[in-house]
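Spelled out from the first residue to the last, the chains are:
Number of protein chains: 2
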Amino acid sequence: MAEWLASWVGGAAKEGIVSFVESSADQGSEGFVPVADRVAAFDNDGTLWVEQPSPVQAPFLLEKLVAEVRENPSLAEIDPFKGIVTRDPVFLDGLARQVPEVVLSFLEAVGAAWEGTTPAEYEAEVLAFLEESRNERFGVAHTALVYRPMLELFELLRAHEWRVFVCSGGGRDFMRAYSEKVLGVAKENVIGSAPEYVFRDGQLVRENAMRGNVALGPGKPEHLHARTGRLPRFAAGNGDVDIEMLEVADFAVVIVHDDEDREFSYAAGAEAILDKGTQKGWTMVSMSEDWSTIF
Amino acid sequence: MAEWLASWVGGAAKEGIVSFVESSADQGSEGFVPVADRVAAFDNDGTLWVEQPSPVQAPFLLEKLVAEVRENPSLAEIDPFKGIVTRDPVFLDGLARQVPEVVLSFLEAVGAAWEGTTPAEYEAEVLAFLEESRNERFGVAHTALVYRPMLELFELLRAHEWRVFVCSGGGRDFMRAYSEKVLGVAKENVIGSAPEYVFRDGQLVRENAMRGNVALGPGKPEHLHARTGRLPRFAAGNGDVDIEMLEVADFAVVIVHDDEDREFSYAAGAEAILDKGTQKGWTMVSMSEDWSTIF
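Protein chains in written order, with the numbering used here: chain L, 112 to 406; chain R, 112 to 406.
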């Protein structure tokens, strides 16, 4: 067992995970899982990398809208541009608390901003942003803030013939731009909220429309089923929007952000999953106690 | 080369395919394809298995609607049920020629028939149908009518680290029910037209609504991109609805149904792809000349 999860401190969480995964591949075990069913699903922000002070995609979207205002200053008169460029606390709070009309005006503007873009153009924008942008607290690239213990968990799972999927409410194409290099997860195993693309004149171009539901809450099992034909037998998350994905799994892991010194300590947006995970006996992973190394 | 494609007759088609695939994995070759980009996409009906006298899913759908009429005889008064139970040639011809209002009434009835079904229930219905149903001409199960040369092509591709995807206008969940056992293709690599499922009370149930476009024509590259984050570098099809998928690939294969003795000889629905493939120098595979064994 020493060979697996090198950045994890020995304890109930590490032992429980290793034991579940080893049993899953042992035909004589009660916990055996047929190879075809070995689908593991991971939330992204706060589960695989730092999501504070804001999810990485947020400044990417905001910068895009600010750039639109620079191109066309009259936009500064109307929301969501007005709220963004004036840093209107009511607007920004509405966005953070996901007030429907605020979120809708924001998504409409975001959709319009990339309308007509090809997949390659969009990917180049994401990669340029990730190259330049830094986490406010750590002053390093976001891609340097992937949790090493979770990459080790991918290794453990793959060594036992599990397929690793990322399933996030965040943008599918945003994550796919870096997933192979940074997470070692193939684009085709990345599930997220996504715009429509149409194939026109021999190429794909982006429309201002979302395909299907946003992958949050019940949207996570819905997207996982649509994409894989299965529900995950292993799942990990850290927010209330991950509850349904964890409920359908045999083995559920909750990442608990309780390490102010090395990362962040917060429970906002995770109140329900922390309660539920404790009640249901899910594997609660304390970043401060269960991880010897975070990055 | 003798080791690959045992059911293929030596000739331009076989040599071209083997040469392309071997070069794709040879870093010193001009035809080298990075591993991550080795996505191969195959149409299903008529490319992987027999689609005559009708695509396999057609009798499955028709039997379901006939069963609905048995349960509720008043349905026999209205289309599409009326057209089906009376075998109305105008209706059936409209369905075959895809007259929009006929297709819409049919899809609406099909959607309603399975509304509220769980994925496991639907899969069981498909498997029961495949167990009992027989191809009209050959009198054997449809799953016995998969083209052996195409399974050998999957082997060749996989041995060179290609990932094989099925991308059909047919039903995603219909194909997924048998894809692993019959084609050796994981459910998650099967792309097709699909209904919405909602996650409610802890389980997925089917709604009477389709997610995104039907995967035909431009819908094929659209679905492949949505699903894999890439366009295929290798693609094979046999009908006009496959043209766009083949156009985006580096290497395109067209299965030509010209073997009345051993399978069927027909060009209906393939007029444009036969022309285009010849013009563009796509690899035209003659079932009569290029395949020594079909099943």
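Hints in this document: simulated from the structure, not taken from any laboratory.
Please read these numbers as outputs of a predicted model, since none were measured by experiment.
Fair warning: there could be bad hints in the mix.
Identical chains share a label here; the pair holds if one copy fits it or two copies do between them.
Stated by the list, open to error - Below 20 Å or equal to it, Euclidean Cα-Cα: the simulated EDC-like pairs (lysine to aspartate or glutamate) are: (1) K391 - E174; (2) K391 - D361; (3) K298 - E272; (4) K387 - E263; (5) K193 - E382; (6) K387 - D312; (7) K292 - D148.
Structure-inconsistent hints, enumerated in ascending order: 1, 4 and 5
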